[in-house]
Structure formats: structure tokens, C-alpha cells
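**Student:** Given the coordinates of chain A, assemble chain B onto it according to the supplied hints.
There are 2 protein chains.
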Amino acid sequence: MDKILRIDVGAEGGPKATAGAMGEYAGFAGRALTSAIVSKEVPPLCHALGAENKLVIAPGMLSGTTGAMSGRISVGCKSPLTGGIKEANAGGQPSQVLARLGYGAIVLEGKPKGDDLYKVFINKDGVRIAADNSLKMLPNYDLVAKMKAEYGDKIACISIGPAGEMKMSAASIACTDMELRPTRHAGRGGVGAVMGSKGIKVIVLDDTGMQMRAPKDPEKFKEANKRFIEGLKKHPVTGQGLPAYGTNVLTNILNEVGGYPTYNFRQGRFDGAAKISGETQAETETKRGGLATHGCHRGCVIQCSGTYHDKDGHYLTKQPEYETVWAHGGNCGISDLDGIAMLDFLDDNYGLDTIEMGATIGVAMEAGLAKFGDVEAAIKLVHEVGKGTHLGRILGNGTAFTAKAFGVEHAPVVKGQAMPAYDPRAVQGVGVTYATSPMGADHTAGYAVAQNVLKVGGDVNALKPEGQVELSRNLQIATAAIDSTGMCLFIAFAVLDQPETFQALLDMLNAFYGLSLTGDGVTDLGKKVLSMERDFNARAGFTAQQDRLPRYFKMEKFAPHNVTFDVKDEDLDKVFNW
Amino acid sequence: MDKILRIDVGAEGGPKATAGAMGEYAGFAGRALTSAIVSKEVPPLCHALGAENKLVIAPGMLSGTTGAMSGRISVGCKSPLTGGIKEANAGGQPSQVLARLGYGAIVLEGKPKGDDLYKVFINKDGVRIAADNSLKMLPNYDLVAKMKAEYGDKIACISIGPAGEMKMSAASIACTDMELRPTRHAGRGGVGAVMGSKGIKVIVLDDTGMQMRAPKDPEKFKEANKRFIEGLKKHPVTGQGLPAYGTNVLTNILNEVGGYPTYNFRQGRFDGAAKISGETQAETETKRGGLATHGCHRGCVIQCSGTYHDKDGHYLTKQPEYETVWAHGGNCGISDLDGIAMLDFLDDNYGLDTIEMGATIGVAMEAGLAKFGDVEAAIKLVHEVGKGTHLGRILGNGTAFTAKAFGVEHAPVVKGQAMPAYDPRAVQGVGVTYATSPMGADHTAGYAVAQNVLKVGGDVNALKPEGQVELSRNLQIATAAIDSTGMCLFIAFAVLDQPETFQALLDMLNAFYGLSLTGDGVTDLGKKVLSMERDFNARAGFTAQQDRLPRYFKMEKFAPHNVTFDVKDEDLDKVFNW
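Residue numbers (this note's numbering), protein chains in the order written: chain A, 6 to 583; chain B, 6 to 583.
Treat the hints loosely; a few may be bogus.
No copy labels: a pair is met if it fits in one copy or bridges any two.
[To be verified] Keeping only pairs whose Cα atoms sit at most 20 Å apart, straight-line, the calculated EDC-like set for lysine to aspartate or glutamate is:
{"#": "1", "residue 1": "116", "residue 2": "561"}
{"#": "2", "residue 1": "116", "residue 2": "414"}
{"#": "3", "residue 1": "118", "residue 2": "414"}
{"#": "4", "residue 1": "559", "residue 2": "46"}
{"#": "5", "residue 1": "118", "residue 2": "561"}
{"#": "6", "residue 1": "376", "residue 2": "120"}
{"#": "7", "residue 1": "159", "residue 2": "147"}
{"#": "8", "residue 1": "562", "residue 2": "57"}
{"#": "9", "residue 1": "559", "residue 2": "57"}
{"#": "10", "residue 1": "116", "residue 2": "13"}
If you are wondering where the hints come from, they were derived from the structure by calculation, not from laboratory data.
Just chain A, with the same shape it has in the complex (with noise of 0.2 Å):
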């Protein structure tokens, strides 16, 4: 990881990839280096889909090592959605890979100069380019079975399906898993659109012959990772919950506290609930002979995932995400968990980002387009974009895009970006971050669910705009700090609960690198990568008018306990001084 691979797409004859040091960038990883390079290097005027941008994609501070947990991979730009500077992180194989290929980045920019499609090509001998059209359209599971035929199965992609080549504000980008399936997705504020603008369909990555990463002190970092294995193995979420039931074990939970948007954020109890629980779904796969309990990548030790398979027992999907779950599933009224199944397959295939395109249906079928709960019509709406039907160019702009198409005024958006699986009047601390977090309505931006609801790391009351702010506060500075690290944020479960855990993250991080960082160093670099991404928005017009829930949740009492988000504007405003 010790060069940034620069592809100008816009090269005559084609994109042409040039390696060269971190320079002024050593030393950062993960968000932190997407932020660094988006926040210096692109000019926050420009358009997100033209030749200014940039997308750098990006490992952290540890993938590629043995360390576990490490192989979440950051991939940043300025943010056709929301206009502000967007890191989106997936988990999957690629961020291990790349890490070994010794790349600390891979930075796409220019513009092409026509209209072929590239894909390119990784591994220890370097880098090739080459023209594809027979890609074009592709979706992402058909092209990833087409690499492999082609480049054999140990590899891992980095790709795009037809929505990032439709250059839509939905699109992501999807990183194989270990199944060499394209399921782990940087889902949210549109970037598979900008790497569609740049002409590349996929980066195949193939690590063989590369070796781990080697640590400074190799002993010190196995001993380290060995504790921080232990501390998430006794931490009840992510030694039990998550593993049993899959992040969908917040189905109940939230539904419980009240706090899951239902109908297009009108209620926060939903009668279906319980047929689309973590509980039921963990049940269904594994009488289906799918898996309830399964990692996205080498070295995870949670396994929060799974995968899901039809009524006849062939794979449909990974295990959906409460996330996706919800957004598909209680969001639009639809209790039906085949269904909710289907439809992650379909946005991981077209490559589209699940919470979007829940929330962009449920406002869809408030404008009359469907009805709540008709889990067909939800499933046609979203193959009207992956086919770019005119209508499929509204829904696969987004959320606050599609309201905007069809009047509809409640849009669940912070800076054009559809709101999570929480409502943030019943779990206020969240509703901070939406508002404030550079990224746009964010719960892992700073997700102060663990303690308005599970009560992990700290007790502050949803329901009460007491304490959310200094929650949030801690919460982004932590998380950016995290999303620079490779980490799996889910460690953070474990890391906020017990002191000794954190401690042997600090140890792998500190005997990796010959550091002797702190718990303040690890504030301070989340400090830093939240100003430069702050100062960006600021460059593109941003104000504190921005870090702003929509109105009417301000407005409209939430029931079932008839809130509305009572944090204050001028406390909103103070969540960065620090």
C-alpha cells in the first residue's frame, strides 16, 4: 500500500493507469485518503458526472492483513446525489486484495473520450486496459460470472451494473464476496454513477503470488488481534446477535421502540414486522438449506451475513440487511420476505443501493404509482430502471428526485439523501447525524441507535433531544476515525462497550504501523477527515441551512409515542465544535 494507482480515462488511445508514491497522502487509508485526495484534488464546483471528479477507492489502514475484521474498503467522490463529498464503504473481498497488490488507492479521473466501455485488470504484474462493449448493460452478477470465465476464480471485482452505467444517483458500486458474488455494495449517494461517467465497467483484482501485508512488530499485531477477536466474541451484539440473526435483528427490536418508519415515514410500528424479523429470516434459510450465519470476507469473525435461498432451495441472495429489509420491506408496507429477497437480488444485480431504492419506491407508491404492500409492483418498479425506462430514470435518481418528479412533498432526505431504516423522531440521536453528517442522511455516519436504543456504549434517551448532540458528536468522530482504519464497523459494538477492546485495536494499528497512537490520535484523525470533508461541503455551497431535517419532522407527530424531533437548530450547529 504504498502507491496510488492514477487511471486518467480521458488519455488518448484510452485510460492509461500510472502508479506513483502516496506522497503528501502517506499515512492515510480508507476514508481518510478518499477524503484527502476528493477534498484537494476535485474542485467542489464541479460536475459530479465530468472530467473534475475523482473516484478514489480506497483500502484502509489494516486490509490486507491478517488482522480480523479488515476488509472494508472506502470509495469516495463528490456525490451526484447529494453535490457534497461522498465515502461509501463496502465490505467483500477487493479491499484485502487491492491492500496486497500494495496499492493504497486506485484513483479514476478525466473524462472518456468515447463511448467504449473499459474493463481493467490488476495483479502482480501490473495493470491492463482494455475496451469491453460486450459488457454494456451487464448486470452485475452475469458480468462477475463473465471475469471469472475470463481471469479464473481467484479473483475478486469491483464493478458496476446498468444504473452506474445510466449514470444514475442510485448506482452503486459492487465488490465481490467470497463466493466471488457481487454482493457487498458502497451503496449510497451515487457512486457507481461517477464511475460509469469514467467509462469502466469493472476492476478485476488478483492478488495471487502477492503475500499479506507484514506487520512491524509481528508478534505484538497477532497478539493484539488475537484480544480484539475475543473482546467482539464475548460482546453480546457482535458475538451473538449479529451472527445468529444478521443485522435484521433490529426488525423487532425497532419496531418495538416505535422507531421504524413505516408507510413512507408516517408510523413507527409495522404490522408485518414479525414475518420479515431477523428471527423469521434466519429460520427461513436455514430450512432452505441457505446459511444464517456467513461472512463477506476472509478474516471476519462476526459473520452477520448469510444467504438466502428461494422456496426451492436454489441461492436467490445474500442475507438482506435489516437496512434493506426495511427499505424494501416495512417502508413500503411489504411483509412478504421472498419478495423483499428478490428485490436485493435485483438492486445488487442492477447495482443500486438498497436504502435508496426502498425509500424511493415508498414515495413512489405515496404518489399513487403502486400500493403500499403490493411486493409485485415493487419488484416491476425496480426493473423499470435497470431496463432505463423514463420512468426508471425518476426512480433511479433517487428518492428525493422521484418526490420532486411527482409532487409528492414528504421526502425522507437530508442533502438529497433518502433517510435509513430509523426515524428520527423516535431515535433522535440519529436524526443528528442525518442532519449534520458531510455524507447526507447517514445512520453509520454516527450511529447513536446503540445507545438511544440498544443501549450499548452509553443510555441516552431517544425520545429526547438531551444529550444527541454530544452523542452525534463522539459517534462521527469515532466512525470517520473507523472507516479509515478497514474496519468492519460493527466492531464498534464491541470496541464503545469495552475498554479492552478498543485497546487491542489500537495495539494492532500501533504495532502495524510503529506508531504509538492513542485513544485522542484516533480521535484526532477522525477530527480531520470530518473538517476536510466539512470544509469541501463548505467549498460547494453548504451552509448550516443544510445540516437541516426536512420540516415536517419537526412538524408531524410520530406514532406510536407522537413525537417530533425536537433537537434544537442552533444545537444542531454545534455538533462540530469540538
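**Tutor:** Then chain B, alone, in the frame of chain A:
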């Protein structure tokens, strides 16, 4: 004009009208009044189509008097197109009639409880509001015919077409002309969508039994008005050019100077310009029994309009304006004058801004939805909008929206609003206005074309940045004041060039209101209006970064002069330093 009529469209049992005193708004009219009410009463972060937005319709200071040219009406709200404050104004009869009925403004506020569509009738006896769902989705011409059948031919109408009912961001508000045709539109910024969101289809005005508004000093007013008219008649633009050829006299002029945006702002000259010029248009009109010289409201002495007949000698539309002929013509590579007239008619009938629609079709052509120059395809696209198909939902929401739907980078917009018929690279003064006007790209907000190209009121080199900021500043100030008087903006040619005509205007205002306004007072009014508007926008989250042209205007050279827009950002930020 001593009262404000507020209609609460969300009242129990249907919209309820209440007339009240002008109160704190006393002395304000036209744009000054709409911007004052919007700025004070509308929360800047509200949803433009929601309960908190207000639609304010206000005649100007001299509307309803015997003063020449005083027939402009201002329409203000938070714009669904730009997200900022909006004042769009129109000619036609309603301004005079509404003023004579004694109303300083009509304010539509609240949100309808149901789906009924309402008509409002106002005469000397008061206000009657009735649900009339037979009006749903009626185009403007049919609607007005129905109102005429119902209320007689002494009326003036303010109405929306299907586009407004569908809450599209390109939707206009139509005002009827002297022939009771819905041909004069408050076009820009989606004001029609806001009227649609209030559930009001049409406001029918009948001033039978009402008097002309009486000046404080009738003799002085009469004498000043006479001097004013003489000034307009002797100036070559208002006395000759506009009457003979209408605004479309500009086609040949802008084409000649290379500032005529052609093929979606790709070049500054259009091969087909002569075929669609004002000269050709006037000749065609006269030959077919239409009118080449005609006014849009009683009291107009410039008579820049006309009537356009089809090949069979039947009325097709009013004389299409330069902006319309350009938008649907050169900008789309179309040189078929009859086709352009049909597009003008369709826009008026569906209730659409011709500038926004023409620019939108230019982008759609760039996206490959139709070929540049294909007039039949362009007509079909406008029908899609009127029918509200999915494609129509895209196009009807304007240029930026359409560009985003189809991933087109070249969207000639500022603050989301399409640029009019002057390329900002070849007419840099109007480029400063596009960039900085609180309204979004709007030529009328500071018409530097006068000094850059026509050499009226000054002479500033169109191709250079020098002097443009000061020019635009002064024009924006003057325009904000003129837009408050109810005067047609075309008086500016004579007023800017001839001190005695400016003095005549001041004398009219002073004689009417018993004031002692000087030139400085007019300037103060203009500054006050702009300050209110910019304050609203700042509270809506706008910064200097939104006072910018899209970057491609700074980077891509524009033929034939091979110029870029060279006014520096830091100079743009000085426009409102006064």
C-alpha cells in the same frame, strides 16, 4: 390597492378569503410587495409545495391608473425550481383589473384539505370561491373560454394549465391579454406549481363598476404621463424596433454578434437564424392577416407583441417572444417558424415557461431523445409534458432535472433555472446577472444586453469581464425598482438613455402618491428589494457558491469569438457591495 386579500386554502370547508389592511406592507407594490411578504412570512427551508409556502400576486405601484405601460403583475413565492425566493412577472390585463378592484395583493396560503380544484371570482361585490372539478386538467385556452362563458367577457383571468396542477417546476401562471387569451405568463421558477399546490385553478377578475385609480395630483400625473409617452415614442428601441418587430428583433442582432446560444449553448451562431428572425416573423404575421404590432394590455404604447396566424390564416398564438423563438428555435436547432409558434401555443396552453421548456428540450436532444432540428419531435415532447407521462414528468420539471435524469453534463442553469437567450461567454454582463441574481439565471433581472450589445444606456464590451459587475449591479438595482412599479421593463431602454424620460417616470410616481421621490429614492427601493431577496436566499442556505455559472462556461470556448466567461469569482461576490 389598500387591502390584501388572503385566501386560506386549508380552511375547514374549503378555501376562505379575508381582506385586510396593507399594514406593515403599506407603500409596497409589485415585486417589492411579493418579496416583502415572502421574505417575512415564508420559512425559507419550507417545502415549496407545502402548507408554509405562499403565493403572492401583486399589481405594481402604478397599475390600475391611466399611466402608460403600467400593466405588469408580480407573482412571488419560494420557488420549487430554484429553492430560493422568486418573483416572476407578466403583462396582460389582470394587473390593471386587480388594482382597480382595490387589492394590493392576493395571497394564497395553507394547504388544501382534499383534492378539489377551486375557482376564485373577484368583482366589486367581493370574493366568491367555488369547487369546480370540471376544470381539472383543462388547458389554459379551454379554461379561459369556459370562464368567459360563465362570467362574461369583461373579465381577466389568472390561471394554471395541467403543468401547474401536476406541480411541475416549469409550470407558469397565465394572465389573459386584451383579447381574453391566456398568452402572458409569469413564467419562471415554477410559480404555476405553487398555485397548483394550493388547489386554485383560476382567479377570475371583473372590475366592472370600478374606477381608474385616482392620482393625488391628477393634472401633474397627466402631464408627466404625456412626457413619459413622448419619451417612449422617440426612443429607437421603444418607438421603432419593438413595435415593428417585437422582441424577436433580437434574433438577427444576437446572431450577428455571436451571442446566440445554439444547439444547447454549443455555439453562438445559428445557420437558420434568418428564417426565424423578427423581420421574417413580422412579415409572416402581416401576410397571413395577423398583427405584427399589438399591445398585451390596455395602456401599452410600445406594442411589442402581435398575433401569429397559421398557414390558413387562423389564429395560432400571440407573437412568440424572442426568448421563446430562441429557446424552441436556435437552441434546439429548429428554424421552422410555424413549428416554433405551435410550441409557443402549447406552452401557453399547458401552462409552461417557454424558456425553461426550450432549454429542457435542448438538453433532451443532447441526451438523444430527439435530433437537433426535429420540430415534430420537439412538439411531441411538449405534449408528453402536458399529458404528464413519465417522460413528461421529467421534462416538465425543467432543464437541470432533465439533465440529471439522463446523465447530461451540459445543463445551462444557475440555481436550477435555465439560462435565457444570451450566452454568458459572449455577453458577459448578462452572465454576471445570471450568476448573481437571487432569481437564478434570468436576463430580465439585470439586462446587460442593453449596454453589451445594443449600446443603449452605455457601452461595455460584451466579450470582456471589465465593467460587467458594476453594470449588472446597477441594472439589478434599477430592475428591482421598476418591477415594483408595475411598469413594463421595456421602458428601461428609454428611461436609461433619456434623463427626461426617467424624470417623467419619477414625476408620475410623485404625482400619483404625493411623494417627492428622486433617482436616489428609486435606487434605495431597488437595493431594499434585492436585500430582502438575498436575505431570504441566505436563510434558505444559499452562499456565494451558488452565485456561479456552471463551470463549463469558464472552461469551454464559445464560437465564433472563442471566449470563456472570464469574470472572476471574487468579482461576482462584489455585485451586491453597494
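**Student:** So, against the hints stated earlier in the document, which numbers end up violated here?
**Tutor:** none
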